[in-house]
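Asks: Heads up: the protein sequence lines correspond to chains A and B, in order. The opening position of the first sequence corresponds to residue 1 in the working numbering, with each subsequent residue numbered one higher. The opening position of the second sequence corresponds to residue 1 in the working numbering, with each subsequent residue numbered one higher.
None of these hints come from the bench; they were simulated from the model. Everything numeric in this text was worked out from a predicted model, so none of it was measured. Positions of the beta carbon are idealized from the N, C-alpha and C atoms, including for glycine. Misleading hints may appear alongside valid ones.
[What the hints assert, rightly or not] Taking beta-carbon pairs under 8 Å as the criterion, some of the chain B residues facing chain A (in silico):
| # | residue |
| --- | --- |
| 1 | Q61 |
| 2 | H72 |
| 3 | K101 |
| 4 | V103 |
| 5 | F155 |
| 6 | C162 |
[Said to hold, decoys possible] Covered by chain A, per the in silico footprint, the following chain B stretches (three or more residues, Cβ under 8 Å):
| # | region |
| --- | --- |
| 7 | 124–136 |
| 8 | 191–201 |
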Amino acid sequence: MGKIVAVTGNEACAYALKQINPDVCAAYPITPATDLMQRFSGYVSNGQVDTELVLVESEHSAMSACIGAAAAGGRVATATSSQGLALMWEMLYIAAGTRLPIVMPLVNRALSAPLNIHGDHSDGMGARDTGWIQIYSENAQEAYDNLIQSFRIAEHLEIRTPAMVCMDGFIVSHSIERVEYIDDADVKKFVGKFQAVHPLLDLEHPKSYGPLILTDLYHEYKRAQHEVMTKVSGVVLEVAAEFEKMTGRKYGLFESYRLEDAEIAIVVMSSAAGTTKDIIDQYRDKGVKVGLLKPRMFRPFPFTQIAEALKHVKAIAVLDRADSFGGYGPLFSEIAGAVMSMDTKPAMINKIFGLGGRDYLPDQAEQVIDELIKIAETGKVGAIKEYIGVRE
Amino acid sequence: MTTKALKLKELAKGEDRFAHGHRMCAGCGAPIVVKQVLMATDYPIIAANATGCLEVSSCIQQFTAWNIPWMHSAFENAAATISGIEAMYRSLVKQNKLEDKNVKFIAFGGDGGTYDIGFQALSGAMERGHDMMYICYDNGAYMNTGIQRSSATPFGADTTTCPAGDVIPGKLQQRKDLTRIMAAHGIPYVAQASPANWMDLMKKVQKAFEIKGPKFMNVISPCNRGWRSRTDDAIMLSKLAFETCYWPLFEIENGVTRITAKPKEKRPLVDFLKPQGRFKHMFAPGNEWMLKQAQESVDAQWERLQKEAVFSGGEEK
Chain A
1 MGKIVAVTGN EACAYALKQI NPDVCAAYPI TPATDLMQRF SGYVSNGQVD TELVLVESEH
61 SAMSACIGAA AAGGRVATAT SSQGLALMWE MLYIAAGTRL PIVMPLVNRA LSAPLNIHGD
121 HSDGMGARDT GWIQIYSENA QEAYDNLIQS FRIAEHLEIR TPAMVCMDGF IVSHSIERVE
181 YIDDADVKKF VGKFQAVHPL LDLEHPKSYG PLILTDLYHE YKRAQHEVMT KVSGVVLEVA
241 AEFEKMTGRK YGLFESYRLE DAEIAIVVMS SAAGTTKDII DQYRDKGVKV GLLKPRMFRP
301 FPFTQIAEAL KHVKAIAVLD RADSFGGYGP LFSEIAGAVM SMDTKPAMIN KIFGLGGRDY
361 LPDQAEQVID ELIKIAETGK VGAIKEYIGV RE
Chain B
1 MTTKALKLKE LAKGEDRFAH GHRMCAGCGA PIVVKQVLMA TDYPIIAANA TGCLEVSSCI
61 QQFTAWNIPW MHSAFENAAA TISGIEAMYR SLVKQNKLED KNVKFIAFGG DGGTYDIGFQ
121 ALSGAMERGH DMMYICYDNG AYMNTGIQRS SATPFGADTT TCPAGDVIPG KLQQRKDLTR
181 IMAAHGIPYV AQASPANWMD LMKKVQKAFE IKGPKFMNVI SPCNRGWRSR TDDAIMLSKL
241 AFETCYWPLF EIENGVTRIT AKPKEKRPLV DFLKPQGRFK HMFAPGNEWM LKQAQESVDA
301 QWERLQKEAV FSGGEEK
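Excised from the complex, chain A in its bound form:
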């Protein structure tokens, strides 16, 4: 059995990295992820890990060094937020396209301008199409658990694809919560030994990484990358099942909360799901059949499984903690895509909330549920996309 501690999300993730003991970490500080690597640096300085820490001059170089290190043949991790992820953008594609199993906690934060250091999902959503696996966490416990599982997922021999584990900046990264740590030995056993595939450091069998590919084959390579992504769900579930055996904590591709018999549903990711669950309980007490779907794995997006989970619902509100200017929120677009396959399509609304760390309050959840009740009764949708919690 592990121990129960009171820690922040960053602290829990740093501790997970300590238990995993990666061979190389290359990092550059950025709020609110700074604290995560700072804590990990302490483990390095005190000899509690074997990690070679490369403290680079930018996030672009952090990801570049991680790419070099992963291709060299070892376990690699970094962490970032916001502008840092944006600066890595070019290299995120290269890490995924080269199939390097780098793992990165992403402490979700808004993107400039205007400059804002607080939590929203703009950064993660910006990296949506880079080919990284994206797993979102509701709280520090999930961030810790997801981070440990992510090494197994990313390094799985049929996948070998980088993964980012997301948690809300400040709300989770800096708040102290109850977290159940797993024993070091169990983590070590669970994560297992790193298996290098075509390492650059195999001098006897020299490999060339990063060729030029012209019109003759590029298309096929990208299709192959997509094929790899189709295998991720199975691995995520397999790893989750094993994780449950070890900890008793159950994870899926998404979480359904009181959704089985629900007539209306809210779809929301990360920390806001907690508040929403409380309000759902209150409405359930009043006899309103409302449920929640909380996506955990955002990339690859489990369209069919989510469609199956939502098929009986009359009206859905998708809450996005990021916007796509001139379009619907990114999560809304995914859910709308999933719903496409249903015979009877539910009514859908999209609420943009909590940008740049704006609090998501219980009355906002109430407001959304009240609107959903009306839509379910009348079948009429007013504005599809609206901002909530805006100062007028």
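Position chain B against the provided structure of chain A, taking the given hints into account.
Replies: What follows is chain B alone, placed relative to chain A:
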């Protein structure tokens, strides 16, 4: 034995670590530079390469000219990529997961990927002190993308983004003195070399490999497409660059500057400029000032280098 004798007869027998069959332009200086660098030593080498001529021509899907482990990830990050590879090597050796075979790490970049977009990553890697060597093959423009000016483009040159026109006669700025900037990082070894002086270049590579820590070498690399010279002029132009003191051969070892070869007689800069179409307009009537300014700049730099060699203790007064 890793520091081998530099005898042509022996070197010719060695294995090609950068093999024939690559698709560099005929007469390009860069593959000659790479061959000389890799031929200088028998140490196991892992290389990273910035995006550019060398990279796009040497490893096209299903084919590779590299007989050593090699990686290209992006344009501006060869130094950061090799930092990661080197860090993984150190980590695995330290953990006894890998045998220490005295592997050497090299990054190759053109002037674009080194002087300009790659400068930040290069500066960072040097400051961090990775045990690596960075080799810039300097052809003085973004040749791969169609001969646009870079900060390594010499004064007066006609490029596609600073074309010699009626009002602006080519590049009006002096080239960035990257070799000196790298020396200012205080790294243990910085050198400037030329493929025409192959023995000097290879000796510098050998010396650099015996030094722990970050090393930087700037190597002139003629490009007949961009320089608008004849296909087989690369070595001749490298030699002229040396003889006119446009490209002095020197090294800065732990702060001590040594001029490693001096031309018997310093030739006028026009001897280097004339065979190159990119400087043709400088010889047109009315542009005499350009030739004068280019010559003055080379003279001033050569003077300064000689003084620096004396001042730093690399040469007797």
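Asks: With reference to the structure, classify each hint as holding or not holding.
Replies: Okay, the hints, checked on the actual structure:
1. Q61: Hint on B/Q61: holds, closest Cβ of chain A at ~4 Å, below 8 Å.
2. H72: 3 Å, holds
3. K101: Since chain A brings a Cβ to about 7 Å from B/K101, closer than 8 Å, the hint holds.
4. V103: Holds - the Cβ of B/V103 comes within 8 Å of chain A, reaching about 7 Å at its closest.
5. F155: 30 Å, violated
6. C162: Violated, about 27 Å.
7. 124–136: With 4 residues closer than 8 Å to chain A, the region 124–136 of chain B meets the three-residue bar; holds.
8. 191–201: Coverage by chain A is violated here, the residue count being 0 at a Cβ distance below 8 Å.
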